[in-house]
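Enquirer: In order, the protein sequences belong to chains A and B.
Numbered as in the working numbering, the first sequence ends at 284 without a single skipped number.
Numbered as in the working numbering, the second sequence ends at 1316 without a single skipped number.
Please keep in mind that the hints were generated in silico from the structure rather than gathered at the bench.
Note that the coordinates shown come from a computational prediction; the quantities given were computed from them, not determined experimentally.
Among the hints, a few may not be true.
Unchecked claim - Taking lysine-lysine pairs in the PhoX-like style, the calculated list, with each CA pair at most 25 Å apart, reads:
hint : chain 1 : residue 1 : chain 2 : residue 2
1    : A       : Lys100    : B       : Lys1044
2    : B       : Lys1044   : B       : Lys1014
3    : B       : Lys1031   : B       : Lys1011
4    : B       : Lys1049   : A       : Lys103
5    : B       : Lys1029   : B       : Lys1044
6    : B       : Lys1146   : B       : Lys1014
7    : A       : Lys273    : A       : Lys122
8    : B       : Lys1019   : B       : Lys1049
9    : B       : Lys1237   : A       : Lys246
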Amino acid sequence: MLLRDLFNPKPRKKYITLPARTGESPALEGPAVQTCPSCGNRNREEDLDNNFKVCPGCNYHYPLTAGERIWTITDENSFQELNAGLKAVDPLSFPGYAEKITKVQEETGLEEAVITGTATIKGEKVILGVMDSHFMMGSMGSVVGEKITRAFEQACEERVPAIIFTASGGARMQEGMFSLMQMAKTSAAVARLHQEGLLYISVMTHPTTGGVTASFATQADIIITEPGTLVCFTGPRVIEQTIHHKIPEGFQSAEFLLEHGMIDQIVHRRDLKEFLGKMIALHR
Amino acid sequence: MPYNYSLEFEKDYKELEKKLNELKELAVKKKIDFSQEIATLETKLDGFKEERYNALSAWQKVQIARHPERPATMDYISALFDDFIELHGDRYYRDDPAIVGGIARFNGIPVTVIGHQKGKDTSQNLKRNFGMPHPEGYRKACRLLKQAEKFQRPVICFIDTQGAYPGVEAEERGQGWAIAQTLLQMSHLETPVISLVIGEGGSGGALALGIADRILMLSYAVYSVISPEGCASILCKDVSRSREMADYLKLTAHDLHSMGLIDELIPEPLEGAHTNLEQTYKIVKDTLQVHLDELLSCSIEDLLDKRYQRLRSIGN
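Required output: the full structure, derived from the provided sequences and hints.
Expert: This is how it looks when you write it as structure tokens:
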């Protein structure tokens, strides 16, 4: 006999009883649950939605879609999309590419791996670009390069800050040299923005790699990331193949980058809007 | 120069060439007149070579572009320039031997020269890290670019790398950041820039020396967003499909020229730059001179505007 049994004399059952599932009573079905890939916590989707899609257990930041990102960061109803309708062409006639694009467009409801537009953040007008890793790993082809470039040009025209949320697997192989040259194109546009004396903030989100890391993502005045974000030029898998041994845990993570002097700050998702608002106000 | 290393597709006619040479030797030794037979065979061999080289596949061009005896940046520097003085170091961490740079005279005009440097044998390659730069290589390039701008020296870049080095230290020291800064710097550098792809142009590590007013390519050089092997391993999880990918990626000088991504294709000797160095250096020097003269006659504002518009028009 245990101590607690003295205060709780009801005999304890060793099992629980579940009502039979009839299919007609959806109310009885449990709430939608997502297992945290980091700590294994089973989070209710509703709780995640109320917590900026951050795991309450371990602070894991779930990847956001571009739409969710825009919703969490901009003032209500302030976002107006720019250059919608630009769709990828297949400049090399790369086998399977056109079909892949169509398929991904259907699956994600996105036209391409970035959405750009104007918005206000804490009342401050900005040009915003948000990449979405759900669209072909956020890879940069001609359309992504073009939309980002136009966003910088628009910022120069309107003389407002530019904020880009990056998430990318790198250049889009299927567009060959056209995609590589997008690194050059976006860099040239950033150079113009700097010459105009305008603020550019880059928020690198999980994962930011390859050609995007080696171009506009790291050319900003202020570079921040969310906790746990992977940022690299060469991904961990390729490095392991090159050097033939495992690389340490946490290598190329946001925390690693901060320690190595590559980024300004790690900002929790719930503080991001506040941070951006404050930073822009300081540059007015 | 001894030409010892033959590529797979060269093996059959190399064999023929060897036999022909044996015949010539025999003729001399035994004092027999084979001259007619030899002449016929030589014509045949030449025809065969020409046919072979005019129908090279993209993958075969990749092999020529990577040929270990192909002239590298330092070879071009000593053949094409006078008074070369090498400048070392990025002033932050160390000198990266995978990128060389310095000041030299090109037909009398002081210019800044920067290029990826591959080695020709194992020990050189270990020193040069197979021409794959670390961040300090790009930071050195950045420093030399700024210096060129200050002294209004035109810049000539030689591109020849598989790509930036994919290693732990390179990542720790900010490979992406270093390449991005070089791109930023080159896109508005207030002095004329010419980039010439002499061998392999691999991905962002090559592009870092490739924002220029003129982009030129040797006819067997290749320039690509990813190596055919990398593409095959990512897309098909099967490296043996690299040949196929080389075709799909449209990475040859001819492809890039016809897509308008490069300005000029410089024809190499039939069997590649390394088989006739004199001819290669001459045509490269002459071509560079033509472009340099044109650029020097433009105003800086004009150049910068055109440089921007050129990038702006790619995939818009």
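Enquirer: Hint by hint, say whether it matches the structure.
Expert: We went through each hint and held it up to the structure:
1. A:Lys100 with B:Lys1044: Roughly 48 Å separates the two Cα atoms, so the pair is violated.
2. B:Lys1044 with B:Lys1014: holds, 13 Å
3. B:Lys1031 with B:Lys1011: With Cα atoms ~30 Å apart, Lys1031 (chain B) and Lys1011 (chain B) exceed 25 Å; violated.
4. B:Lys1049 with A:Lys103: violated, 46 Å
5. B:Lys1029 with B:Lys1044: Satisfied, since the Cα-Cα distance of roughly 24 Å is no more than 25 Å.
6. B:Lys1146 with B:Lys1014: Distance ~48 Å between Lys1146 (chain B) and Lys1014 (chain B) Cα, so the pair is violated.
7. A:Lys273 with A:Lys122: Given pair Lys273 (chain A), Lys122 (chain A) holds - Cα atoms ~7 Å apart, limit 25 Å.
8. B:Lys1019 with B:Lys1049: holds, 15 Å
9. B:Lys1237 with A:Lys246: Between Lys1237 (chain B) and Lys246 (chain A) the Cα gap is close to 20 Å, so the pair holds against 25 Å.
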